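Protein chains in written order, with my numbering: chain E, 8 to 80; chain L, 8 to 80.
Any given hint could turn out to be false.
All copies of an identical chain are treated as equivalent in the list; a pair is satisfied when it fits inside any one copy or across any two copies.
[What the hints assert, rightly or not] As a list, the in silico DSBU-like pairs of lysine-lysine whose alpha-carbon atoms are at most 35 Å apart: (1) 46 <-> 72; (2) 46 <-> 68; (3) 77 <-> 46.
The set of hints was computed from the structure by calculation and includes no laboratory data. Note that the coordinates shown come from a computational prediction; the quantities given were computed from them, not determined experimentally.
Protein chains: 2
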Amino acid sequence: MPHQYHFDVTMTCSGCSNAVNRVLTRLDGVSNVDISLEKQTVDVTTGDSLDYDTVYNTIAKTGKKVNSGKTIQ
Amino acid sequence: MPHQYHFDVTMTCSGCSNAVNRVLTRLDGVSNVDISLEKQTVDVTTGDSLDYDTVYNTIAKTGKKVNSGKTIQ
């Protein structure tokens, strides 16, 4: 079963959202990344083995503020 | 002996430079961070035990492009 995780992240320009996109697409087990700078949202689809905390920590290490996050599936 | 490291990093807004500043000031052993958005530079002063690679990797994990880096001291 794939997972879907949703995060609300403060991103102020396309450089910010590109940075988040870059670290997530580099992460093993990520199958899709959908980022909206307008909505300040990051949606990540992963394979079975990639857990919420790993995805959360990867985003946190960008230095962006993660305002909330949840597992959709 | 403290170390001084210099990096050229692509940062396109203050959200970008704040993110880099945030991850570096969180890093154990960092004594000073000086970031110029205008010059696209990141200067880091650390204690004896913090090596170049650790600082480099911390910046790289922000997802920003590190165009070059060097040890000043």
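So, going through the hints one by one against the coordinates:
For the homomeric pair residue 46 and residue 72, the shortest alpha-carbon distances inside one copy (14 Å) and between copies (24 Å) are both at most 35 Å. Proximity of residue 46 and residue 68 under a CA criterion of 35 Å is satisfied in both settings, with 21 Å inside one chain copy and 23 Å between copies. In this assembly of identical chains, the alpha carbons of residue 77 and residue 46 lie at most 35 Å apart only when taken from the same copy (16 Å versus 38 Å across copies).
When held up to the earlier numbered hints, the structure conflicts with none and fits them all.
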